[in-house]
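Protein chains: 2
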Amino acid sequence: MPASLTRAALETLDHADELAPFRDEFDLPADVIYLDGNSLGPLPKATPGRVAEVVAREWGQSLIRGWNTHGWMRLPLRIGEKLGRIIGAEPGSTLVADSTSVNLFKLLAAALEARPTRRMILTETGNFPTDLYMAQGLAALLRRGHEVRAVADPVAALNQDVAILMLTHVNYRSGAMHDMASVTRAAHAVGALTLWDLSHSAGAVPLRVAEDGADFAVGCGYKYLNGGPGAPAFLSVAPRLHADLRLPLTGWLGHAEPFAFAPDYRPAEGIGRATVGTPPVLSLAALEVGVDQMLRVPMDALRAKSQRLIDLFIALIEQECAEYEFRLLTPRDAAIRGSQVAFGHADGHAIMQALIARGVIGDFRSPDVMRFGLAPLYVRHTDVWDAVSVLCEVMRTGAWREASVAERRAVT
Amino acid sequence: MPASLTRAALETLDHADELAPFRDEFDLPADVIYLDGNSLGPLPKATPGRVAEVVAREWGQSLIRGWNTHGWMRLPLRIGEKLGRIIGAEPGSTLVADSTSVNLFKLLAAALEARPTRRMILTETGNFPTDLYMAQGLAALLRRGHEVRAVADPVAALNQDVAILMLTHVNYRSGAMHDMASVTRAAHAVGALTLWDLSHSAGAVPLRVAEDGADFAVGCGYKYLNGGPGAPAFLSVAPRLHADLRLPLTGWLGHAEPFAFAPDYRPAEGIGRATVGTPPVLSLAALEVGVDQMLRVPMDALRAKSQRLIDLFIALIEQECAEYEFRLLTPRDAAIRGSQVAFGHADGHAIMQALIARGVIGDFRSPDVMRFGLAPLYVRHTDVWDAVSVLCEVMRTGAWREASVAERRAVT
Chain B
411 MPASLTRAAL ETLDHADELA PFRDEFDLPA DVIYLDGNSL GPLPKATPGR VAEVVAREWG
471 QSLIRGWNTH GWMRLPLRIG EKLGRIIGAE PGSTLVADST SVNLFKLLAA ALEARPTRRM
531 ILTETGNFPT DLYMAQGLAA LLRRGHEVRA VADPVAALNQ DVAILMLTHV NYRSGAMHDM
591 ASVTRAAHAV GALTLWDLSH SAGAVPLRVA EDGADFAVGC GYKYLNGGPG APAFLSVAPR
651 LHADLRLPLT GWLGHAEPFA FAPDYRPAEG IGRATVGTPP VLSLAALEVG VDQMLRVPMD
711 ALRAKSQRLI DLFIALIEQE CAEYEFRLLT PRDAAIRGSQ VAFGHADGHA IMQALIARGV
771 IGDFRSPDVM RFGLAPLYVR HTDVWDAVSV LCEVMRTGAW REASVAERRA VT
Chain C
411 MPASLTRAAL ETLDHADELA PFRDEFDLPA DVIYLDGNSL GPLPKATPGR VAEVVAREWG
471 QSLIRGWNTH GWMRLPLRIG EKLGRIIGAE PGSTLVADST SVNLFKLLAA ALEARPTRRM
531 ILTETGNFPT DLYMAQGLAA LLRRGHEVRA VADPVAALNQ DVAILMLTHV NYRSGAMHDM
591 ASVTRAAHAV GALTLWDLSH SAGAVPLRVA EDGADFAVGC GYKYLNGGPG APAFLSVAPR
651 LHADLRLPLT GWLGHAEPFA FAPDYRPAEG IGRATVGTPP VLSLAALEVG VDQMLRVPMD
711 ALRAKSQRLI DLFIALIEQE CAEYEFRLLT PRDAAIRGSQ VAFGHADGHA IMQALIARGV
771 IGDFRSPDVM RFGLAPLYVR HTDVWDAVSV LCEVMRTGAW REASVAERRA VT
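Taken in sequence, the protein lines are chains B and C. Residue 411 is where the first sequence starts when you use our numbering, and the numbers rise one by one after that. Residue 411 is where the second sequence starts when you use our numbering, and the numbers rise one by one after that.
If we strip away everything but chain B, and leave its shape as in the complex, we get (with noise of 0.2 Å):
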């Protein structure tokens, strides 16, 4: 970052931003920097028009004949098809069903079904609650001396007697990224199966699960993909391990002949088993919405740009706010980190609150994590240098002292 830098400067990167007119497709609160798309994306400006048209004519007007007339039962494929895309799948491996957890149990299920006589779950310290929960509660069900073993360097504790290797691809905290082909590549030499959980990285950095060998992967729809809040999330599976898939869920819809109402389970062919109950079809549409903007967007400058803004932010903190004392926890190398970047401070929590207050929309994560999510389709540079302006004024003014004595007040 050259010593030089300016917010003009930044004004002329932005105009320069092949990126820049996909901010223009969301529907931003004037008053808001937004550095929180890794929770929750904002609204695409088509979303509205599009829920609208399947609230009031799709459902409203077509009735029950809207499963045939507008393809409301192919809704999870189709979908699927076109996020098996953002992430690199091969065509017919990706459905959009249920929530990232429940996801996580089908799939961690099959994966024990196919290594039957290996008894751990693999992963790491640090991973996301919900997959360490999905998996405990999976290996309690089963009562079959299953562990869940979360360590510091998983592939370092690969063996025989893993079954399968289930990572966050980037860190919901920290936004370090996996290599998702060797690390890969470790786990099928000791014949264990990869389970990768995309949540922070479907729409934020390129993917090739495919050519990465990847086996299970799972992910959110509210976050990058801007699909809203509790968007249904997806689950792709290697073609492949397809012809074997044992899944735990067998709902009726993942059944091969759902509408012949037989009273034995047999599942359908290729990923569509992984369905099980009814396509809940309006937070469908939202999500459909997202997910095309993002097939528009190009990857490779998606990628540079979120690299650049890091970069450009930690420089900032480090040059401006450097007496107070931001510990990093982002890999400086862009290679290995998401579209997120994440300081710790002790008084993180207060001075997030006082951030929030003043338009500057991070967040928190426990115990001492900010973090700030740099999504390339609607943050620009200009927001970086603005956000690190007032992070610098609220630690210079004391500002976040009155959000922490609030707090403190408003909890006791």
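Any given hint might turn out to be false.
[Stated by the list, open to error] In silico lysine-lysine, DSBU-like type, Cα no more than 35 Å apart, as pairs:
{"#": "1", "chain 1": "B", "residue 1": "Lys-455", "chain 2": "C", "residue 2": "Lys-492"}
{"#": "2", "chain 1": "C", "residue 1": "Lys-455", "chain 2": "C", "residue 2": "Lys-492"}
{"#": "3", "chain 1": "B", "residue 1": "Lys-455", "chain 2": "C", "residue 2": "Lys-455"}
{"#": "4", "chain 1": "B", "residue 1": "Lys-492", "chain 2": "B", "residue 2": "Lys-455"}
{"#": "5", "chain 1": "B", "residue 1": "Lys-492", "chain 2": "C", "residue 2": "Lys-455"}
[Unchecked claim] Covered stretches of chain C, going by a simulated chain B footprint (3 or more residues, C-beta under 8 Å):
{"#": "6", "stretch": "444-458"}
{"#": "7", "stretch": "473-480"}
{"#": "8", "stretch": "538-548"}
{"#": "9", "stretch": "746-759"}
{"#": "10", "stretch": "772-784"}
{"#": "11", "stretch": "798-809"}
Simulated from the structure, these hints should not be mistaken for lab results. Keep in mind that this is a model prediction, so the values were computed, not measured. Virtual Cβ for every residue (Gly too), placed ideally from N, Cα, C.
For this one, chain B is given, so just place chain C on it according to the hints.
Just chain C now, with coordinates in the frame of chain B:
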């Protein structure tokens, strides 16, 4: 039914109907008589506005802050509490989450945990397929010798090896309704738990799950509750079972402190532990409109009209269409049926297609069942008259044969 039955007499009934104002609360297509609300309820007029508000104002303007400022995080419990009143559950025992299928899995697994020495999941021949399939999937996953047994008379088959008796309260095909209180007593007498699927009951018939002693219940939001296509489902657990309730899908939002991001799962107190992933806010907003409406409905009047409509439908068929051999599949006794009526007919599929082409929308269920949902909030007495008139006309003219031919052509 009097022999002097006339359309004018039914108009008089419609005018005097205390539920008539509810029909005006729905956006129903002008050219349709909608008798399929038991599959997908119609659109309440209040829903588009509420959904638009949640999308544009809550999500669009509040962004991540919506989880607190708009109470999104509380939606599953808030709507669950309202739904609990509709099904007669104790306060604090009902939650909106996931799909009916996923909720079946959760509660079946909890039941087997609570009855660890018993091996049977007992149910009824002809139960809805997903209920059977989810039980089969769970038994296959556990590999502990559980049997899913479907019999014609499940009460007679109760014994000390039955962990759980799983029944759909109102049969999806015939509309026959179990006596929840006596069946539950019989199950409890042998130490079995009960799980009631209320998908065709909630919003259709008065329910008292607490008074009737039910242990577990699940149900659907998109039928008589008018929550929209693929609306979230609900589950309910008797409070006496909460303390020891071990659920298999241990997602982060069912954790006692989700935002502590602790590495180990610890269930929330009460029914909140049945939450798994992030609540689907847009779909929940639509569901809440339907649930709020249902809370205003006088259930005795709803029940009385529902039975009057069914009696009328049967009488008119038998009076006007006797020669076409429609076989009544629904009990004549109003005390043991829900809010739908079904007829068997060898040409039922083609006949139903002809009806739908003429704006009378019911549905068909394999192998030969024509179903008509008579939802008292918007189906009028004259609608029944008009629907049966169209049906008789279709039979008299042989018009259904054209639908049959067209269909055979489409298939070949």
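Right, here's what the structure says about each hint:
1. With a CA separation close to 33 Å, the supplied pair B/Lys-455 and C/Lys-492 stays within the 35 Å bound.
2. Distance hint between C/Lys-455 and C/Lys-492 is fulfilled; the C-alpha atoms sit about 20 Å from each other, no more than 35 Å.
3. Of the pairs offered as hints, the one joining B/Lys-455 and C/Lys-455 holds, with about 24 Å between alpha carbons and a cut-off of 35 Å not exceeded.
4. With a CA separation close to 20 Å, the supplied pair B/Lys-492 and B/Lys-455 stays within the 35 Å bound.
5. With a C-alpha separation of about 33 Å, the suggested pairing of B/Lys-492 with C/Lys-455 holds against the 35 Å cut-off.
6. Residue count for the stretch 444-458 of chain C with a Cβ under 8 Å from a Cβ of chain B: 8. That meets the three needed, and the coverage hint holds.
7. Residue count for the stretch 473-480 of chain C with a Cβ under 8 Å from a Cβ of chain B: 5. That meets the three needed, and the coverage hint holds.
8. Counting residues of the stretch 538-548 of chain C whose beta carbon lies closer than 8 Å to any beta carbon of chain B gives 9, which meets the minimum of three for the stated coverage.
9. Closer than 8 Å: that is the beta-carbon criterion, and the stretch 746-759 of chain C has 0 residues meeting it against chain B, so the requirement of 3 is violated.
10. Restraint check on the stretch 772-784 of chain C versus chain B: 3 residues with Cβ-Cβ distances below 8 Å, three needed, restraint holds.
11. A count of 0 residues in the stretch 798-809 of chain C with a Cβ less than 8 Å from any Cβ of chain B is obtained; the coverage claim is therefore unmet, three being the minimum.
When held up to the earlier numbered hints, the structure conflicts with 9 and 11 and fits the remainder.
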